[in-house]
Amino acid sequence: MFFLVRKSVLGSSDEFQDLDFDVQELLIGGDESSTVVLDELPDGVLTVKAKDESNAQFSCSEDLTLNSNGKASTSGNLTKGVLYKLGVYDIEIINPPTGFDFAINVLRSKRKAEHKKSRYIVEDKKSKFGIRALSYIAFFSILILFLAVPYTGFLNKDVKNKLASLPIPSDKSWSSGPLAMAHRIPEIGDDCNVCHVKPFEKVQDKQCLSCHQNLGEHVLDNHPAVDELDQFLCENCHKEHNEPLQLTRTDDKLCIDCHSKIEEFTEGSADKKDSVKAVNGFNAENHPPFRLSLVSPKFINGQYEWQNDRPAFNPEMPAKEESNLKFSHEVHLDQEKVQDESTGDKLVCNNCHQLKDDGEHFEPITMDKDCRSCHKLTFDVFNPDLELQHGDLRTAAVMLQAHYIREFTDPDLRNKRANKKIRRIPGKHTNNQNCEGTGLNCGRAEAFKEAEFQFTKSGCITCHEVTVNDTTDILSKWFVKPIKLNTNWYSKAQFDHVSHMSVKQKNEEEICLSCHAVDKSDVSADIAMPQRNKCLECHQQDQHNSVELSCIRCHEFHFSQ
Amino acid sequence: MHQNLLQYKKYRYFKLFVVLVIVSSVLYLSQGVDQPANGGTIQGYILGITSAVFILLLTYLGIRKRSYSSNMGTVEGWTSAHVFLGSSLVLIATLHTAFQVGWNIHTLAYVLMLLVIFSGFYGLFAYMHYPRVIANNNKGGLQEDWLEELQEVDEKIKILSTSCRSNVRLVVLSAIENILLDNTLYKQIRGKDRSKVRLQSESKTLVSNKNQEKVIDILSEAIPNSTKQAEATALNEILSLFSRRQRLLKIIRRNIQVKAFLKVWLLFHIPLTIALLAALTVHILVVFIYW
Numbered sequence: 003m004f005f006l007v008r009k010s011v012l013g014s015s016d017e018f019q020d021l022d023f024d025v026q027e028l029l030i031g032g033d034e035s036s037t038v039v040l041d042e043l044p045d046g047v048l049t050v051k052a053k054d055e056s057n058a059q060f061s062c063s064e065d066l067t068l069n070s071n072g073k074a075s076t077s078g079n080l081t082k083g084v085l086y087k088l089g090v091y092d093i094e095i096i097n098p099p100t101g102f103d104f105a106i107n108v109l110r111s112k113r114k115a116e117h118k119k120s121r122y123i124v125e126d127k128k129s130k131f132g133i134r135a136l137s138y139i140a141f142f143s144i145l146i147l148f149l150a151v152p153y154t155g156f157l158n159k160d161v162k163n164k165l166a167s168l169p170i171p172s173d174k175s176w177s178s179g180p181l182a183m184a185h186r187i188p189e190i191g192d193d194c195n196v197c198h199v200k201p202f203e204k205v206q207d208k209q210c211l212s213c214h215q216n217l218g219e220h221v222l223d224n225h226p227a228v229d230e231l232d233q234f235l236c237e238n239c240h241k242e243h244n245e246p247l248q249l250t251r252t253d254d255k256l257c258i259d260c261h262s263k264i265e266e267f268t269e270g271s272a273d274k275k276d277s278v279k280a281v282n283g284f285n286a287e288n289h290p291p292f293r294l295s296l297v298s299p300k301f302i303n304g305q306y307e308w309q310n311d312r313p314a315f316n317p318e319m320p321a322k323e324e325s326n327l328k329f330s331h332e333v334h335l336d337q338e339k340v341q342d343e344s345t346g347d348k349l350v351c352n353n354c355h356q357l358k359d360d361g362e363h364f365e366p367i368t369m370d371k372d373c374r375s376c377h378k379l380t381f382d383v384f385n386p387d388l389e390l391q392h393g394d395l396r397t398a399a400v401m402l403q404a405h406y407i408r409e410f411t412d413p414d415l416r417n418k419r420a421n422k423k424i425r426r427i428p429g430k431h432t433n434n435q436n437c438e439g440t441g442l443n444c445g446r447a448e449a450f451k452e453a454e455f456q457f458t459k460s461g462c463i464t465c466h467e468v469t470v471n472d473t474t475d476i477l478s479k480w481f482v483k484p485i486k487l488n489t490n491w492y493s494k495a496q497f498d499h500v501s502h503m504s505v506k507q508k509n510e511e512e513i514c515l516s517c518h519a520v521d522k523s524d525v526s527a528d529i530a531m532p533q534r535n536k537c538l539e540c541h542q543q544d545q546h547n548s549v550e551l552s553c554i555r556c557h558e559f560h561f562s563q
Numbered sequence: 204m205h206q207n208l209l210q211y212k213k214y215r216y217f218k219l220f221v222v223l224v225i226v227s228s229v230l231y232l233s234q235g236v237d238q239p240a241n242g243g244t245i246q247g248y249i250l251g252i253t254s255a256v257f258i259l260l261l262t263y264l265g266i267r268k269r270s271y272s273s274n275m276g277t278v279e280g281w282t283s284a285h286v287f288l289g290s291s292l293v294l295i296a297t298l299h300t301a302f303q304v305g306w307n308i309h310t311l312a313y314v315l316m317l318l319v320i321f322s323g324f325y326g327l328f329a330y331m332h333y334p335r336v337i338a339n340n341n342k343g344g345l346q347e348d349w350l351e352e353l354q355e356v357d358e359k360i361k362i363l364s365t366s367c368r369s370n371v372r373l374v375v376l377s378a379i380e381n382i383l384l385d386n387t388l389y390k391q392i393r394g395k396d397r398s399k400v401r402l403q404s405e406s407k408t409l410v411s412n413k414n415q416e417k418v419i420d421i422l423s424e425a426i427p428n429s430t431k432q433a434e435a436t437a438l439n440e441i442l443s444l445f446s447r448r449q450r451l452l453k454i455i456r457r458n459i460q461v462k463a464f465l466k467v468w469l470l471f472h473i474p475l476t477i478a479l480l481a482a483l484t485v486h487i488l489v490v491f492i493y494w
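Going line by line, the protein sequences match chains A and B. Taking my numbering, the leading residue of the first sequence gets 3, the next gets one more, and so forth. Taking my numbering, the leading residue of the second sequence gets 204, the next gets one more, and so forth.
Hints listed in this document are in silico derivations from the structure and should not be mistaken for laboratory results. Note that CB positions come from ideal geometry on N, CA and C, so glycine has one too. One thing to keep in mind: the hints can contain errors.
Stated by the list, open to error - Only some residues are given here: those of chain A computed to face chain B with a beta carbon under 8 angstroms:
no. : residue
1   : Ile133
2   : Phe141
3   : Cys194
Generate coordinates for the entire structure from the input sequences, incorporating the hints supplied.
This is the structure we're talking about:
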C-alpha cells in the first residue's frame, strides 16, 4: 500500500516535502524506528491503517494522543476534512495523488517552543504528594482516626481496651467539653459509655439514677402531671460537658414552660381547687400568693395526730397556728416584763431562735433549751431546786405523790418544816402544813392539790392547754394537749436567712422584725410569716433596680424525701 | 472603571457579609437565658448548621469557579461570594463554638476551617497582587515567547560554537546543557539559580554558573585570545547571545517563582478543605452518637 506523507513548512503553503512509503501501516513517531520521523514528538508511535482514501484507523502508544475538536483520544478513526493535532503537528487526510492509496499532510504547529519544552520542565510531575494525594490522605486519616477507630472501640470493649494503650485518639476525642466537677471520677471520666450507652440516643435517666439514688421526684406519684414529667429526661435540665461549668439550668423557662399553663397538667386532679396556680415569674401579677404549710392537731380514734396542710391564701381569713402552746411574743420582747436572765437586757430573737446550718430553718424550740431557765417547774417552796418532770404527765403526778407522802410520813421532815417559816411566793402554792389523817392520805391529798394548782392556776397551765375531767384520779384528771411547733412554714420554698441578715443599717433584731412582726403578737396563734408582698419589696421581677429572683432560687425541682 | 472581585456588583457580597456578621452576632448574644452560650442551644444549632451549609457551599463554589464552561453566574461573582462567605465563616463558626476549645475533634474541625480560610486569604492576596507582578516582569511578552526565544538562542549558540576552540566550545555547550528550571514547587518558590558549567572536558565537577556569569566571564577572557578572526566574531556573537540568555532566564525564573506563589496556597487550601469536610462529618456524627 502506497502512502504519501506531505510535510508542510509552517507559514508557507508552497514549501513542502513529500515522502512516500510502501507499507501496510504508517508508524509516525519521534524516534528513528518510525516510518515517519517527526522529531519533535514525545515518546510513542501513532499507527495509521488506511481503510480507503478518506478514512483510516489509528492508535497511539505511550505519551501520544491525537486531538480533534478539543478531544484527546488514543485510538479511533481518521476522517477526511478533520484537523487532528499530534503534539505540535497538525495532521489531516488529503486527496492522494495518482499512484498513492492514501495521503496525509503533516503541518508543523505554530508554537515552536512546545516541542522542546521537555528540556525546560517547569511542572512538578515527580513529587508524590500532590494536592489530590494530600487531600485523600487527610480525608481518610481523619475519618479513620477520629471516627472509625473510636467507634470500633465503642462497639467492642476488648478493642477499646487494646486501643487505649496506643497513642491514637479514643472516643474521648468526641467530648464536647469538660465534665462537671462532681463527675470527674475515673469510673466516669475514663469511660464515656457509663453514660453514653446507645449511639444516637440521648443519655437516659437510668444512667444518672444508677449513681444518684434517693432523688426526690418533682411531683408525688399520684399527681396528674406524672405522665408528662415521665417524658422529661434528667438531661433536659442537667447539661453535661457544658462551659462555663454549669450542670443545672437555672433559667425560669425551665419552670414556666409547664407552670404558666399548669391548669392543663392538673386537669382531672382529685383536688383541683387546691392545685398549684399558674406562674409566669416573680412579681405581683405573675406569682400567686404564698401558701403556708400548716400543722394542725387532729384527735382521731382517741389519738392525737398532727396533720400537714397547705391551705390557699385567703386575705379575709388569715391562717392561725394551732400548736397548743400559749405564748406571747409581745410580752417576751417587752423589757419591762421579761429580761435576759444573766444580763437583764431585753430578750432578742436569737435567745430562743437559733438558725440551723442550712441557713433557712431554726432549731426546734424546746422546754429544756429555751424556757426552763425562767419557767422552772418547781412546786415545793421548801425545795426550790426540785422540779417536776416535763413532758410526762404520769411521771410528774407520781413524783408529786411520792414527794408529799414522804413529807407527811417522815416525822423528822415534818418537824424540820414546821420550825421553818417560809415566805409566801406569789404564784406558788403554799403547802398545807396541817393535815388530820394518815400520812398516806395527807400526802395523796396534798399531791392532788399541788397538781390541781399546776394544771389549773400556775405552772403547766401557763404554757399548755389543759383539759379537765370529773374523775378524782390524779393520773387521769388532767390532760395536757401536746405541742407541735411548726418548723417549716413554706415547705415548697427555700430561703437563705444568712444572706438576708446583712441588710444595711439595721440591727439583727430589726431585720428579723421587719419580716416577722411578732413584737405586737400577743398569742401564739398569730403567724408572723411574710407574704409575697414582703419579698416583692426587693425582688420584683422586670422592675428597675430590683434583685431578680429566678424560680429555682426559692423552689427546688426535686422534692426532698 | 475596573472593579476587583471584592467590589463585585457594588460590593454585593460585602453587604451580605455585613448582614451575616450582624445577624449571627445578635443570635449569639440572645443566648444565655436558658443556658450559657453553647453549640448545643437553639442559637448554637442555627449557627452550626449555617456554618456547615456554608462550608459545603464554599467547597462547591471552589469547584464551580474553576469550571469555566458553566453558564450559572460569572466566575467573578462566584469568587467574590466565595471570599466573603468564607470570611463570614470565621465569625459564624467561632460563635457556634461559643469560644470553647479543647483537644477534641470539634476543635480540630474548627482549626482546620480557620486554616482553610486563612490560606484562602493568602490566595486572595496572591490573586490580586501577583498577576501584576508577572505582567511587569514579562514586559508585554509571554512565558512561552521567552522559552521559545531561549531555545532559539540555544540553537544559535550551538551553531556558532562550531567555530570556536574545543575547550571554549565545551564550556559553552555545557553552560547550555546545565541550566535547570526548577520543577518542584519548593524549588520554584526558593527561585535559586542552580545553573552549572563544566570547565574541562575530563572534569566531572560542574561549577556554578549562576546568572550565566561564569560562562560570560570565560567568553570575555576567550575573545582577546582568539587566533582566528572567525572565532573572535563567533565568540562575540555568543557573548551577546549569552547576555540575552541571562536576561531571558531571569525573566523566566521570576515568572516560574511568582506562578509558584500563586499555586502554593492551593497545596494547603484544598487538602485542608478536604480534611475539614472529614472533620466536619465526624463532628456532626459524634455529637449525635454521644448525644
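The hint names Phe141 of chain A as touching chain B; please verify it with the least Cβ-Cβ distance against 8 angstroms.
holds, 5 angstroms
- Task: Verify the interface restraint on Cys194 of chain A: the C-beta must sit less than 8 angstroms from at least one C-beta of chain B.
- Result: Check passed: Cβ of Cys194 of chain A comes within 6 angstroms of chain B, closer than 8 angstroms.
Query raised in the report: Should the interface hint for Ile133 of chain A be scored as holding, given a Cβ-Cβ cut-off of 8 angstroms against chain B?
Result: holds, 5 angstroms
In this structure, none of the earlier numbered hints is contradicted; all agree with it.
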